[in-house]
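K.L.:
Assemble the complex: chain A is given as a structure, and chains B, C and D must be docked to it using the hints.
Number of protein chains: 4
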Amino acid sequence: MIVIDSLVDFFQETRKHTEKLCEPLEIEDYVVQPIVDVSPPKWHLGHTTWFFEEFILKPYAKNYTIFSEDFSFVFNSYYETVGKRVIRSDRGNLSRPSVEQVYEYRNYVTRAVQSFFEENQNETLLALLEIGIHHEQQHQELLLTDIKYILGNNPLLPAYSDTVETHQNEIQEQQWVPIKDGVYEIGHNSNDFCYDNELGRHKVYLQPYQISNKLVTNEEYIEFISAGGYTKFDLWHAEGWDWVNQNGISAPLYWHKIDNQWHHYTLKGLQQITMNTPVTHISYYEAFAFAQWKGCRLPTEFEWETAQKHFPWGQRWEWTESAYLPYPNYKKADGALGEYNGKFMVNQKVLRGGSVATPERHTRPTYRNFFQTNLRWQFTGLRLAQ
Amino acid sequence: MIVIDSLVDFFQETRKHTEKLCEPLEIEDYVVQPIVDVSPPKWHLGHTTWFFEEFILKPYAKNYTIFSEDFSFVFNSYYETVGKRVIRSDRGNLSRPSVEQVYEYRNYVTRAVQSFFEENQNETLLALLEIGIHHEQQHQELLLTDIKYILGNNPLLPAYSDTVETHQNEIQEQQWVPIKDGVYEIGHNSNDFCYDNELGRHKVYLQPYQISNKLVTNEEYIEFISAGGYTKFDLWHAEGWDWVNQNGISAPLYWHKIDNQWHHYTLKGLQQITMNTPVTHISYYEAFAFAQWKGCRLPTEFEWETAQKHFPWGQRWEWTESAYLPYPNYKKADGALGEYNGKFMVNQKVLRGGSVATPERHTRPTYRNFFQTNLRWQFTGLRLAQ
Amino acid sequence: MIVIDSLVDFFQETRKHTEKLCEPLEIEDYVVQPIVDVSPPKWHLGHTTWFFEEFILKPYAKNYTIFSEDFSFVFNSYYETVGKRVIRSDRGNLSRPSVEQVYEYRNYVTRAVQSFFEENQNETLLALLEIGIHHEQQHQELLLTDIKYILGNNPLLPAYSDTVETHQNEIQEQQWVPIKDGVYEIGHNSNDFCYDNELGRHKVYLQPYQISNKLVTNEEYIEFISAGGYTKFDLWHAEGWDWVNQNGISAPLYWHKIDNQWHHYTLKGLQQITMNTPVTHISYYEAFAFAQWKGCRLPTEFEWETAQKHFPWGQRWEWTESAYLPYPNYKKADGALGEYNGKFMVNQKVLRGGSVATPERHTRPTYRNFFQTNLRWQFTGLRLAQ
Amino acid sequence: MIVIDSLVDFFQETRKHTEKLCEPLEIEDYVVQPIVDVSPPKWHLGHTTWFFEEFILKPYAKNYTIFSEDFSFVFNSYYETVGKRVIRSDRGNLSRPSVEQVYEYRNYVTRAVQSFFEENQNETLLALLEIGIHHEQQHQELLLTDIKYILGNNPLLPAYSDTVETHQNEIQEQQWVPIKDGVYEIGHNSNDFCYDNELGRHKVYLQPYQISNKLVTNEEYIEFISAGGYTKFDLWHAEGWDWVNQNGISAPLYWHKIDNQWHHYTLKGLQQITMNTPVTHISYYEAFAFAQWKGCRLPTEFEWETAQKHFPWGQRWEWTESAYLPYPNYKKADGALGEYNGKFMVNQKVLRGGSVATPERHTRPTYRNFFQTNLRWQFTGLRLAQ
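As they're listed, the protein sequences go chains A, B, C and D.
Residue numbering for the first sequence follows the UniProt record's numbering, beginning at 1 and increasing consecutively.
Residue numbering for the second sequence follows the UniProt record's numbering, beginning at 1 and increasing consecutively.
Residue numbering for the third sequence follows the UniProt record's numbering, beginning at 1 and increasing consecutively.
Residue numbering for the fourth sequence follows the UniProt record's numbering, beginning at 1 and increasing consecutively.
Hint data in this document are derived by calculation from the structure and do not stem from the laboratory.
Hints may be right or wrong, so weigh each one.
Copies of the same chain are indistinguishable here, so a pair counts whether it falls within one copy or spans any two.
Straight-line distance between alpha carbons at most 30 Å, and here's what the computed DSSO-like set of lysine-lysine pairs gives [what the hints assert, rightly or not]:
(1) LYS203 - LYS332
(2) LYS180 - LYS203
(3) LYS332 - LYS58
(4) LYS16 - LYS268
(5) LYS16 - LYS180
(6) LYS203 - LYS268
(7) LYS203 - LYS331
(8) LYS309 - LYS214
(9) LYS180 - LYS268
(10) LYS343 - LYS180
(11) LYS331 - LYS16
(12) LYS214 - LYS203
(13) LYS343 - LYS332
(14) LYS232 - LYS331
(15) LYS332 - LYS214
(16) LYS257 - LYS294
(17) LYS16 - LYS203
(18) LYS332 - LYS232
(19) LYS58 - LYS331
(20) LYS343 - LYS268
(21) LYS20 - LYS294
(22) LYS294 - LYS343
(23) LYS332 - LYS20
(24) LYS332 - LYS180
Next up, chain A with everything else stripped away, as it sits in the complex:
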């Protein structure tokens, strides 16, 4: 199914796109890690490269000389199988290897992968290449949100670029899309690439429900704030309420009230909030509390997947009510690649859709993203159901 030439092209495009995302950065921006969830851009560049070296070149490419023993140590992420990793919270302390050396590493590995696939082609290898490409695409998304965090928490609030994060308005009229009860099929169902957590297509029974054709907008969210949403404990989960109070939360991430007007930091710099764009940078706790306040609820991921063809999506990652759990018959891959998804399947929530930071060709209706309930640095939004 995988067409070799186009896949190697896809590989080259993906590698270039990652580097293009870093073009507006100063060298200093590549280095810092303001919170544990954010990784330094330099690390993303190295880690996506290490993935190809570790899983393709080292095991399969004869005569391949690894670029540097030290880099394996520094750019491993959470793969317990593969040597001692650098503790995640220490990534921002590493001034070396330098940005220049990391780019050398990238070029070295990109060329080696290209050469290797000119002479070696089999299904196993191509499947590894494909997963490596999709892995790098995921990191492109993180790269953009991590850059936003690094710049958006700097007191100078520097802009990243003028050509990104164009907010599309929600212009259609709000309507409830009704779905009948019955047995539906869920999960990936084609020969195209998908992650292992989407596999195991299976039946679910859905009760009758309605789902909104629109994402919740900034205007609606400001109404929630004005109505005291952040001060009414009965709208919140107990641990959400603790989170609000311990962290002094009173608005989405990146929002600032200046002269009584709501502004937010965007990749283009500080801007006034536009009313009819979708709200973003909210935690699951906030999405849930908003839905409670509206007398509605969040859809489950099954409801979302079943209804998704009835509404546009892809502007925001959408929080669902579903816990991130394995599908029936889920089986994780052998070895280190088995650490990709399964080991995170506890105490996280599924997000569906895709965002302005998601690379083209990367998301699909069955795609399952997942984060802890308190996290907000992704472009997260919500859609109501009832």
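P.N.:
Using the frame of chain A, we list chains B, C and D on its own:
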């Protein structure tokens, strides 16, 4: 449906049973709180009493004089609606009110409730009485597990009583109970009492599965330990693995290896482990890792409920793979009683069954218990599915 | 020098006095430990007993049968030399041994010591007895301040007794006592008992100074509060300022402003502040900031000791500017008793004087008490110098 | 007393020397802050510049245009008087302003100061210039030790430069320098520059003592390690012993045992330990424990100052037994400069001497450095007394 006389009798029995559970205690045992999840026995006695005073006597009993304003403050638990509560982790710092005063408070409120219901009987009131009884039963379970924690973490390892925690062996032969795929109904379906989280009977689609007729035994769990289960990261969730390492976990709670023999603290004191009783005092992380090691999995709560008539249960609370989420059309009660269940429906796992600490008449096939994934002080065990 | 009969009498009196201090307590009060610096009264009773058993009876009394192996473990404090101790912050989790058992332990050891000294008398033994008595007296002081903390942080604010903590007013007129510069002698200089940290009488050179004949009063301290003393960073040490802000400090410990009037919890219960009694329950940071605000300073311990005959003292422990350091030629005792003083000689401040909680015959002009700079649960006050 | 030309020359030299110290750095090295005590090199460059702008140019230079409002905010350190500072632990999260901008800022301010002093000369201004120069010299010392920490904790262990940290051996024979008892004078006593904490020349009485002519060497320290020094609690202060155990300390900072040989990271890279150079990078706790083990003690700062002419010094900062306290009649400066020294005079120890990182002309016999007792990233060593 509720028969008034029997309900008031049930009330009296329940009140007495709570006090009976405390009979073997020294006064000192009533006071301490070794970890935040454990409450002092004194607090359970007061809090279950406060519940009847706060939700029945104060709003409905004319001329009722509350026992003490201070007690409302001290014995409120998590009810944000009702005044400022004592921070949970501070309960163990309160030497006053004394145990004697708390018993006076109990007697005062028990008599007042009895008198009140001799003259007042309507459905609303009886429903409140019933929920108050079941609330106290839940605290009986916690009382016993909290007492076990208090004594079992004392370096003197004092016994609580000789007449409790009789371990029933799993004597039947292990068999897989096969269940066909199809649509099944889940949720409470009678006029008997249940909690709001069991309501909303609804259909689910289950894939074909098999579930064990037996709980996993100590013998099997010791094999897991011996096979290095606690040292193999690939059996664990990522956060489970962190939990194991940060807390130095290498066996269930209360287990001690003495002269190369596994012992455990029981309410009867320190004893040698018996091989064919069900393993207990394990976290969800451990239950999951054991199932991974066996090449099996935990059942979902829907699989458990559908299959439960095919096996005996009630010795252990059984971890399921299901996250604790609202059933379709779940609606929480108005006011403070609405804080009972709904606000905990995030980042917890459902347990099904019942344990040696569960009072008679308290559990049922649709009963949903729930705890955070790291907790072990309840009598928690597991059953395999595949 | 030590007269045997009077010393054994002193022993008996001291043992009785400790128990007398506990008479007003409920059993529950013996058990709790609200903060790490406070020990449960039960523990003080046991620990002072353990001291006599460990250092006199076990090594010297032939045929002595120890009361219980477990108690050595439970009632050891910080003596690293003598077996594994119970981590200090866990003392409040121990409901057993019961209060009754601890009193049995006390009686058993008191009788054994009495019997032993009826037949054994030599200087080594009497010196050990004497240090044991003084050790118990120190714990009497802690016992009273710990009881105050336990009751004073209970939301019911129960009184301890009507016969203690009688506040003596500072009725004399404030005057500056002038001391000339020159060489003075410091340190213990008689055959009476003292601790090792007072020994090594030595010369110091003092610059000319003046020291107040009065302790600072509540009235003066309220002026400091009213003048914004807690909000002016330039009065504070950098770490004192952090302490104020991180803990939200705005008045001495136990102070409550009720209907615009300052009250404080005393061992007699909640009372209105009296203006001309000495301020108490302040940290070194607060003492320092107050002195800065007055344009004065705290005396050094040498200035205090040199001038002490010129003013009454003994109502409060007085913070000095001196760090707790060894005197020249300080030599700590061999073995476990060597852990008594020397190992605390870093990052603490010396207090001089004595307080309402100090037992009679326990303090003297050369006595050196010491605490960390943030602690306030002792009866700490201040005297100005310039 | 201050000769204007030479002082402006000294200013220019000092500014250049700071930049010279940064020459070997990659841009990435300027940004990171691995621990709270270490500041990013970029921050030192900016902060020393801000000092001249804030205290000279802004108040005194008419028509001076400040470089950037934001920089005041970012490069303020602990000066509470002057606006809101960036929380110290966040410095390593700031990728902007860029290194290039910081150098522009330096040049802008250096030129402005030079121009200003060409036309304005009075004692107040020159005194401010002088303190600004010495402030920058202090930061040169920190810069070098912070760079060492940044590179020495990077898994690649990169070298900084081949021309620094030349270890001078302690070649003279160890001898005890005897000093008689009597009254000595302490404190600064000339018209040359000194800090306010050295002023207030005053008399002290010293007991007779002996002080070593040599610093303790690596060889002696290795003997201490080999003799189990890190495992014997009775050599340590109680809080030192906790520090050893909580942090797993078993050797000085930067020491690595490789193939059974002690190595240490130096600014020239990883090297084998040389035996007769002074030990360095030890905490006060370690210095104290070593002295205990030797049956000696650390000198007080007064003993050190009195004896210093009898031995060479300047290779290491030497821990003393003296707490950092104000001299008699110490008076802090008015305004923000008053925050320089006085507010740190609690819970720190005095160090005397100077180190390989100390700029020429910066230290003197009366110079008092000070650090918390657990810190090791400075070039700290010890000298014995008895």
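K.L.:
Take the hints in turn and mark each one as holding or not.
P.N.:
So, going through the hints one by one against the coordinates:
no. : hint            : result
1   : LYS203 - LYS332 : both (20 Å within a copy, 29 Å between copies)
2   : LYS180 - LYS203 : both (15 Å within a copy, 13 Å between copies)
3   : LYS332 - LYS58  : within (22 Å within a copy, 56 Å between copies)
4   : LYS16 - LYS268  : within (22 Å within a copy, 38 Å between copies)
5   : LYS16 - LYS180  : neither (45 Å within a copy, 51 Å between copies)
6   : LYS203 - LYS268 : neither (44 Å within a copy, 49 Å between copies)
7   : LYS203 - LYS331 : both (18 Å within a copy, 26 Å between copies)
8   : LYS309 - LYS214 : within (13 Å within a copy, 45 Å between copies)
9   : LYS180 - LYS268 : neither (43 Å within a copy, 56 Å between copies)
10  : LYS343 - LYS180 : between (34 Å within a copy, 29 Å between copies)
11  : LYS331 - LYS16  : neither (33 Å within a copy, 51 Å between copies)
12  : LYS214 - LYS203 : both (27 Å within a copy, 28 Å between copies)
13  : LYS343 - LYS332 : within (9 Å within a copy, 33 Å between copies)
14  : LYS232 - LYS331 : between (42 Å within a copy, 18 Å between copies)
15  : LYS332 - LYS214 : between (35 Å within a copy, 27 Å between copies)
16  : LYS257 - LYS294 : within (24 Å within a copy, 42 Å between copies)
17  : LYS16 - LYS203  : neither (40 Å within a copy, 49 Å between copies)
18  : LYS332 - LYS232 : between (42 Å within a copy, 16 Å between copies)
19  : LYS58 - LYS331  : within (25 Å within a copy, 56 Å between copies)
20  : LYS343 - LYS268 : neither (36 Å within a copy, 38 Å between copies)
21  : LYS20 - LYS294  : neither (41 Å within a copy, 47 Å between copies)
22  : LYS294 - LYS343 : between (35 Å within a copy, 17 Å between copies)
23  : LYS332 - LYS20  : neither (33 Å within a copy, 50 Å between copies)
24  : LYS332 - LYS180 : between (33 Å within a copy, 25 Å between copies)
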